[in-house]
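Given only the sequences and the hints, what does the whole structure look like? Please build it.
2 protein chains.
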Amino acid sequence: MKDSSVAQRTVFFISDRTGITAETLGLSLISQFEGIPFIHVTLPFVDSAEKARETTQRINQAYQQDGAQPLVFATIVDPEIRSLLEKCDGFYIDFFKTFIPGLENELKMASANVMGRIHGVGDSNVYNTRIEAVNYALNYDDGARTNGYDTADVILVGVSRCGKTPTSLYLAMQFGIRAANYPITEEDLHSTQLPKALRPYQHKLFGLTIDPKRLHAIRSSRRPNSQYAQLAQCENEVKTVEAMFHQENIPYLSSTNLSIEELATKLMVISGIERRLR
Amino acid sequence: MKDSSVAQRTVFFISDRTGITAETLGLSLISQFEGIPFIHVTLPFVDSAEKARETTQRINQAYQQDGAQPLVFATIVDPEIRSLLEKCDGFYIDFFKTFIPGLENELKMASANVMGRIHGVGDSNVYNTRIEAVNYALNYDDGARTNGYDTADVILVGVSRCGKTPTSLYLAMQFGIRAANYPITEEDLHSTQLPKALRPYQHKLFGLTIDPKRLHAIRSSRRPNSQYAQLAQCENEVKTVEAMFHQENIPYLSSTNLSIEELATKLMVISGIERRLR
Chain A
1030 MKDSSVAQRT VFFISDRTGI TAETLGLSLI SQFEGIPFIH VTLPFVDSAE KARETTQRIN
1090 QAYQQDGAQP LVFATIVDPE IRSLLEKCDG FYIDFFKTFI PGLENELKMA SANVMGRIHG
1150 VGDSNVYNTR IEAVNYALNY DDGARTNGYD TADVILVGVS RCGKTPTSLY LAMQFGIRAA
1210 NYPITEEDLH STQLPKALRP YQHKLFGLTI DPKRLHAIRS SRRPNSQYAQ LAQCENEVKT
1270 VEAMFHQENI PYLSSTNLSI EELATKLMVI SGIERRLR
Chain Z
1030 MKDSSVAQRT VFFISDRTGI TAETLGLSLI SQFEGIPFIH VTLPFVDSAE KARETTQRIN
1090 QAYQQDGAQP LVFATIVDPE IRSLLEKCDG FYIDFFKTFI PGLENELKMA SANVMGRIHG
1150 VGDSNVYNTR IEAVNYALNY DDGARTNGYD TADVILVGVS RCGKTPTSLY LAMQFGIRAA
1210 NYPITEEDLH STQLPKALRP YQHKLFGLTI DPKRLHAIRS SRRPNSQYAQ LAQCENEVKT
1270 VEAMFHQENI PYLSSTNLSI EELATKLMVI SGIERRLR
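Respectively, the protein sequence lines represent chains A and Z. So in my numbering, spot 184 of the first sequence is number 1213, and the numbers just go up one at a time. So in my numbering, spot 141 of the second sequence is number 1170, and the numbers just go up one at a time.
Take these hints with a grain of salt, some might be off.
Copies of one chain are not kept apart here, so a pair can be met inside one copy or by any two copies together.
When the alpha-carbon atoms are kept at most 25 Å apart in a straight line, the in silico DSS-like pairs for lysine-lysine are as follows [stated by the list, open to error]:
| # | residue 1 | residue 2 |
| --- | --- | --- |
| 1 | 1295 | 1233 |
| 2 | 1295 | 1080 |
| 3 | 1137 | 1116 |
| 4 | 1126 | 1225 |
| 5 | 1268 | 1295 |
| 6 | 1116 | 1268 |
| 7 | 1080 | 1116 |
| 8 | 1242 | 1268 |
| 9 | 1225 | 1268 |
The hints are simulated quantities; they were obtained by calculation from the structure and are not laboratory data.
What follows is the structure in structure tokens.
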């Protein structure tokens, strides 16, 4: 046992495939426990008895080193591989084993027991929808093109560096939504009227705004001491663009305290835009 | 009850935040049950008693319409909101409620019971790492720049349309990895030597390849009947680029049967590149 009052805990995320499901729920769960120094280890593609034995050894070693039982979050489909892993010295939770029997009972059907169902390739239409949405977001990033908004699901608008590009890309990657984005620049801000290129698409617009101080910090790290990064400049741009959103009846969110996931999912709730991917 | 032999089932993914965790595990679980027509409904930001009651009504209506009990996968932190939802007529599973008590016991600590821990903004360093990685992937997409590879974690190489761009963006968004990508074009394929711009970075290169028939289909939908899309052209490019990978000792994967998630996570395992985000 280490000297510190709270022992370090190694947390393993183990899967026969990508590990994304085990990580997503596992991280959500441990985020509810504060003050414990968690060490994360993701081990994907544990898809053979040999790899299961290696993994078990690694877990047992972590127990020795930490002096505290590692947490193990797993999504393992194959019962043989799972039974090997369950013998480890960790606090082992398998998300599939926990829920599959109850679902089999409720659905009156045996589960397929097949690995890689969810983050696999699956339907090639789904794959194409996703790639096309990513290409769309790239082609219509930062106002690069404005002819082609007819096929946009949403056009994000806001001042430079408020988070439009990552939000567009996330909408494309995660949900297959075609998201263009258009920067409201200084020349657009002489009035609170919409820029000409956007006027026919008012119903597709969604605004992003940001706290001027945060914008000032982001721009300053990009272009230190520029006019563009001045706090007064940021305040003025944000104030005008928010007035534009109000006047033109454009729904908007602030990126200041929201992650990209939160921005994207809130935007979908507010605008009613449906995902194209599942 | 509908006439069809297997009743439609509505599946709800419910959360007080983005719903991403509930969706990720819920989709993994139902992917193991084949032949049931599942209808997906994601309801994020169910964060008040009123929204919980509305949600419960919606679940009960789905029961009426389907004639089969809806599945409800939830991640709800607040006990009051959860107790309202639990009264619904669905087959209700709360992923937090299932595991938090066991973890509290193991960790000898009460959980924080705070919403939005995982897909929230959290540490602004994490946020900045992610945004910088996305910007890096965009700036170094498709060989757009080659001066700046010093700060790349990985440089993806492969023929045009083999999946480099979405993989780079996914690595950035999900893991904060700085991934450049460089297309091996016809003029690079007169020999199996590495293009000049890549030679100093051999240790950072990771290859992507693809089945020539699939490449032919992808290119054909983009530029029908072009020389670029011809099957013979695709076969030749793929053959030469794979010879280059072998000769230059570049690890590689085929994107033909792997999703973007699988490509990204396998690449990390093979190359040993560590995530910068958590």
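Right, here's what the structure says about each hint:
no.	hint	verdict
1	1295 - 1233	within (15 Å within a copy, 38 Å between copies)
2	1295 - 1080	between (40 Å within a copy, 15 Å between copies)
3	1137 - 1116	between (30 Å within a copy, 23 Å between copies)
4	1126 - 1225	neither (57 Å within a copy, 52 Å between copies)
5	1268 - 1295	within (22 Å within a copy, 46 Å between copies)
6	1116 - 1268	neither (60 Å within a copy, 46 Å between copies)
7	1080 - 1116	within (14 Å within a copy, 43 Å between copies)
8	1242 - 1268	within (12 Å within a copy, 53 Å between copies)
9	1225 - 1268	within (20 Å within a copy, 49 Å between copies)
In this structure, the earlier hints numbered 4, 6 are contradicted, and the remaining ones agree with it.
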